[in-house]
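If you read the sequences in order, they're chains A and B. Sequential numbering of the first sequence, starting at 0, is according to numbering that gives the first Met the number 0. Sequential numbering of the second sequence, starting at 0, is according to numbering that gives the first Met the number 0.
Be aware that a few hints might be false.
What the hints assert, rightly or not - With a straight-line cut-off of 16 Å between C-alpha atoms, the simulated EDC-like cross-links for lysine to aspartate or glutamate are:
{"hint": "1", "chain 1": "B", "residue 1": "LYS162", "chain 2": "B", "residue 2": "GLU306"}
{"hint": "2", "chain 1": "B", "residue 1": "LYS162", "chain 2": "A", "residue 2": "GLU328"}
{"hint": "3", "chain 1": "A", "residue 1": "LYS194", "chain 2": "A", "residue 2": "ASP204"}
{"hint": "4", "chain 1": "B", "residue 1": "LYS334", "chain 2": "B", "residue 2": "GLU80"}
{"hint": "5", "chain 1": "A", "residue 1": "LYS23", "chain 2": "B", "residue 2": "GLU129"}
{"hint": "6", "chain 1": "A", "residue 1": "LYS109", "chain 2": "A", "residue 2": "ASP62"}
{"hint": "7", "chain 1": "A", "residue 1": "LYS228", "chain 2": "A", "residue 2": "ASP266"}
{"hint": "8", "chain 1": "A", "residue 1": "LYS238", "chain 2": "A", "residue 2": "GLU279"}
{"hint": "9", "chain 1": "B", "residue 1": "LYS162", "chain 2": "A", "residue 2": "ASP204"}
{"hint": "10", "chain 1": "B", "residue 1": "LYS162", "chain 2": "A", "residue 2": "GLU282"}
{"hint": "11", "chain 1": "A", "residue 1": "LYS162", "chain 2": "B", "residue 2": "GLU282"}
{"hint": "12", "chain 1": "A", "residue 1": "LYS2", "chain 2": "A", "residue 2": "ASP204"}
{"hint": "13", "chain 1": "B", "residue 1": "LYS196", "chain 2": "B", "residue 2": "ASP179"}
{"hint": "14", "chain 1": "B", "residue 1": "LYS23", "chain 2": "A", "residue 2": "ASP33"}
{"hint": "15", "chain 1": "B", "residue 1": "LYS196", "chain 2": "B", "residue 2": "GLU229"}
{"hint": "16", "chain 1": "A", "residue 1": "LYS43", "chain 2": "A", "residue 2": "GLU59"}
{"hint": "17", "chain 1": "A", "residue 1": "LYS109", "chain 2": "A", "residue 2": "ASP82"}
{"hint": "18", "chain 1": "A", "residue 1": "LYS334", "chain 2": "A", "residue 2": "ASP82"}
{"hint": "19", "chain 1": "B", "residue 1": "LYS283", "chain 2": "A", "residue 2": "ASP302"}
{"hint": "20", "chain 1": "A", "residue 1": "LYS283", "chain 2": "B", "residue 2": "ASP26"}
{"hint": "21", "chain 1": "A", "residue 1": "LYS227", "chain 2": "A", "residue 2": "GLU279"}
{"hint": "22", "chain 1": "B", "residue 1": "LYS107", "chain 2": "B", "residue 2": "GLU123"}
{"hint": "23", "chain 1": "A", "residue 1": "LYS162", "chain 2": "B", "residue 2": "ASP26"}
{"hint": "24", "chain 1": "A", "residue 1": "LYS162", "chain 2": "B", "residue 2": "ASP27"}
{"hint": "25", "chain 1": "A", "residue 1": "LYS227", "chain 2": "A", "residue 2": "GLU129"}
{"hint": "26", "chain 1": "B", "residue 1": "LYS334", "chain 2": "B", "residue 2": "GLU123"}
{"hint": "27", "chain 1": "A", "residue 1": "LYS334", "chain 2": "A", "residue 2": "GLU80"}
As the list claims (entries may be wrong) - So these bits of chain A aren't anywhere near chain B, every CB distance computed over 10 Å:
{"hint": "28", "residue": "ILE34"}
{"hint": "29", "residue": "LEU148"}
{"hint": "30", "residue": "GLU328"}
Read the hints as simulated data drawn from the structure, not as lab findings. Think of the CB as a built atom: it goes at the ideal place given N, C-alpha and C, for glycine as much as any other residue.
There are 2 protein chains.
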Amino acid sequence: MKKLKVAIVGFGSVGRNIAQLLEKRADDYAQKYDISIQITGVCKSRSGLIENQHGLSLDEILDIPQYVSGLTNHDFMQRVEADVIIDVGPSDYVTGGSSLEYIRQALKNKINVICVSKGALVLELESLLELATQNRVKLLYSGATAAALPTVDFIRSNLLGCKILTIQGILTGTTNLILDEMMQNNLSFDDALTKAKNLGIAEPDSSFDTQGWDTAAKICIIAKTFFKKENIDFYHLSKQGIEHITQLDIEHWRLNSLVPRLVGYIDCMDHNLSAGVRLELFEKTHPFSLVTGKNKALRVLTDDMGEFYISGGASSPVATAAAALKDLEYLILNKLV
Amino acid sequence: MKKLKVAIVGFGSVGRNIAQLLEKRADDYAQKYDISIQITGVCKSRSGLIENQHGLSLDEILDIPQYVSGLTNHDFMQRVEADVIIDVGPSDYVTGGSSLEYIRQALKNKINVICVSKGALVLELESLLELATQNRVKLLYSGATAAALPTVDFIRSNLLGCKILTIQGILTGTTNLILDEMMQNNLSFDDALTKAKNLGIAEPDSSFDTQGWDTAAKICIIAKTFFKKENIDFYHLSKQGIEHITQLDIEHWRLNSLVPRLVGYIDCMDHNLSAGVRLELFEKTHPFSLVTGKNKALRVLTDDMGEFYISGGASSPVATAAAALKDLEYLILNKLV
């Protein structure tokens with residue numbers, strides 16, 4: 000049986016779920032692909048790292064106190080043996096952070112990268128894809144742009160050949176949950192935000208969600224993927240959040256049977272691309288009005304196939320982990336590893 | 000520039016749209032893949048065939064009176080030079096018809112096949128896929144199971160790695176249009192059916208749509224694709240149509256805010272697969288209630304990623320043609336031709 004070595008960078012709840020899913024699916028991988036996937040290293044900021052070129056058990060991986068501390072990112076990349084690196088570390092939207100270093104180093108070392116964190120992609124997607132091409136490896140990121148909800152991979156595979164005219168998305172589970180709780184259950188903004196935090200789906204700095212930055216980051220990555228010639232800059236995207244919404248707004252919308260949703264958009268109808276994030280109001284006959292709780296949704300309008308809506312993919316660590324493993328299985332299926 | 004030879008079997012409105020789309024997208028193919036696609040043959044039942052190993056112009060292809068008549072399927076397959084055959088001929092659900100012969104012959108000749116017609120797949124999908132594998136070519140059929148609405152390819156690529164627990168689909172544009180017209184515009188069944196026929200979306204024998212056979216055929220292909228070990232037989236699927244619906248039913252549903260939809264389903268929740276077609280009633284908060292006119296929709300429930308809805312892909316010859324060309328571009332992109 001072929002062995003495939005995987006290293007995980009960043010080890011919060013998504014990273015843990017990746018390790019657990021890999022164990023759960025081990026028989027499937029063996030049966031379908033005659034492949035055995037071994038986690039050869041995990042690096043967790045602050046806690047340190049663990050690595051073993053012959054593979055680590057789930058118990059070893061979950062035993063964080065045993066991690067070797069005091070080593071840098073650079074040390075990890077030098078020590079670990081991997082065919083694929085999965086980056087689920089924190090997103091840094093100013094410098095790209097250690098993710099950007101890991102990804103660059105991995106690609107240079109001809110290691111495929113699966114990226115769930117967004118910072119490095121938002122800032123450097125074009126140069127990273129070029130680096131991947133130069134080194135004949137892949138940089139995949141299905142889980143970065145709304146986790147389990149298929150976005151980039153839906154457009155890329157299911158609409159292959161069509162021109163994309165418009166993309167709209169409810170891409171942040173946290174803001175959708177907050178809006179839904181305010182509308183349906185009459186919660187205040189603060190109480191709804193607390194609920195999102197308790198569910199563990201809010202970003203560490205929740206204003207990143209509620210001011211529209213998280214949606215903007217995802218729209219930015221989608222736009223850079225499908226509209227390569229445009230010069231899309233994260234910090235110059237038009238942005239709106241949901242913090243300004245008052246109880247009066249909510250009552251007014253409820254009275255008029257309107258449903259508020261925070262929407263990321265890319266419009267390319269007349270060859271002038273515009274992209275951003277804005278609060279939109281939908282009638283109850285619009286599919287976005289039915290996207291409740293921490294679910295997400297996408298609308299794509301094409302030239303030859305008409306329009307499509309996808310919804311679902313509710314935010315959860317296991318769903319995000321499954322999105323990362325979708326990319327891993329894509330590499331295996333297409334014999335790219 | 001590399002040349003890719005394509006032959007089209009069956010030449011109704013979808014076939015014509017394929018030829019026209021190939022011409023419209025020629026520059027894109029050249030730019031993206033450095034490839035020139037040439038239609039080297041078209042075969043139209045009753046009218047005969049046209050072929051030229053150096054490629055045919057769109058004018059030649061559309062000039063049906065100039066087709067050579069009196070030749071058989073076998074003659075066409077012997078004469079035409081092709082890397083890919085696209086089958087958009089009529090579906091025969093009893094014997095598989097000439098489609099089945101074409102597909103078998105093509106696969107044996109190591110020619111990739113893209114199939115939009117359903118008859119041969121419903122009856123012989125397993126053996127045809129095996130034949131394709133034996134001959135190291137591909138049999139693709141994204142357009143056969145609800146045309147532009149991604150079904151098989153959505154599950155295969157976007158949910159890769161997850162276990163599929165339930166699939167439900169509004170898979171027939173005609174029956175959805177009829178139900179919608181009866182509910183929204185108070186049309187009788189017959190008038191609504193006439194409207195569907197005038198739009199050119201009904202099957203030649205419309206009872207195939209309205210008695211649930213068309214949905215059953217699509218569910219059968221999806222089930223055979225993802226639940227290979229089950230013994231799924233088209234003629235033994237549980238089936239329900241929409242012909243029995245009375246004005247009284249419509250009034251009752253309207254009064255109770257319920258929306259009728261003809262739904263194909265595959266249920267595998269407890270490892271006992273059940274599949275079929277039935278009329279279901281949805282509340283207005285269910286995404287299927289918003290799937291109006293000739294649109295279609297799919298719901299998929301997975302183990303690790305939760306549930307997804309896709310809707311759109313309204314029935315139209317150009318959208319179906321685009322679905323077939325999605326498969327063609329998949330072959331090119333993955334260097335399979």
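Each hint, compared with the structure:
1. B:LYS162 with B:GLU306: Roughly 11 Å between the alpha carbons, so the hint for LYS162 (chain B) and GLU306 (chain B) holds.
2. B:LYS162 with A:GLU328: holds, 14 Å
3. A:LYS194 with A:ASP204: holds, 15 Å
4. B:LYS334 with B:GLU80: Answer violated: LYS334 (chain B) to GLU80 (chain B) is near 19 Å, above 16 Å.
5. A:LYS23 with B:GLU129: violated, 29 Å
6. A:LYS109 with A:ASP62: violated, 29 Å
7. A:LYS228 with A:ASP266: holds, 14 Å
8. A:LYS238 with A:GLU279: Within the cut-off at roughly 12 Å; holds.
9. B:LYS162 with A:ASP204: The hint is violated at about 34 Å.
10. B:LYS162 with A:GLU282: violated, 34 Å
11. A:LYS162 with B:GLU282: Between LYS162 (chain A) and GLU282 (chain B) the Cα gap is close to 34 Å, so the pair fails against 16 Å, i.e. violated.
12. A:LYS2 with A:ASP204: Given pair LYS2 (chain A), ASP204 (chain A) is violated - Cα atoms ~39 Å apart, limit 16 Å.
13. B:LYS196 with B:ASP179: Roughly 15 Å separates the two Cα atoms, so the pair holds.
14. B:LYS23 with A:ASP33: violated, 43 Å
15. B:LYS196 with B:GLU229: violated, 36 Å
16. A:LYS43 with A:GLU59: Judged against 16 Å, a Cα distance of about 14 Å means the pair holds.
17. A:LYS109 with A:ASP82: Status holds; Cα separation ~8 Å.
18. A:LYS334 with A:ASP82: holds, 12 Å
19. B:LYS283 with A:ASP302: Distance ~29 Å between LYS283 (chain B) and ASP302 (chain A) Cα, so the pair is violated.
20. A:LYS283 with B:ASP26: Roughly 42 Å separates the two Cα atoms, so the pair is violated.
21. A:LYS227 with A:GLU279: Cα-Cα ~27 Å, so violated.
22. B:LYS107 with B:GLU123: holds, 15 Å
23. A:LYS162 with B:ASP26: holds, 13 Å
24. A:LYS162 with B:ASP27: holds, 10 Å
25. A:LYS227 with A:GLU129: holds, 12 Å
26. B:LYS334 with B:GLU123: Distance ~27 Å between LYS334 (chain B) and GLU123 (chain B) Cα, so the pair is violated.
27. A:LYS334 with A:GLU80: Not satisfied, since the Cα-Cα distance of roughly 19 Å exceeds 16 Å.
28. ILE34: The assertion about ILE34 (chain A) holds, with a minimum of 13 Å to chain B.
29. LEU148: Non-interface label on LEU148 (chain A) violated, nearest chain B Cβ at 8 Å vs cutoff 10 Å.
30. GLU328: Given a closest Cβ separation of 5 Å, the condition is violated.
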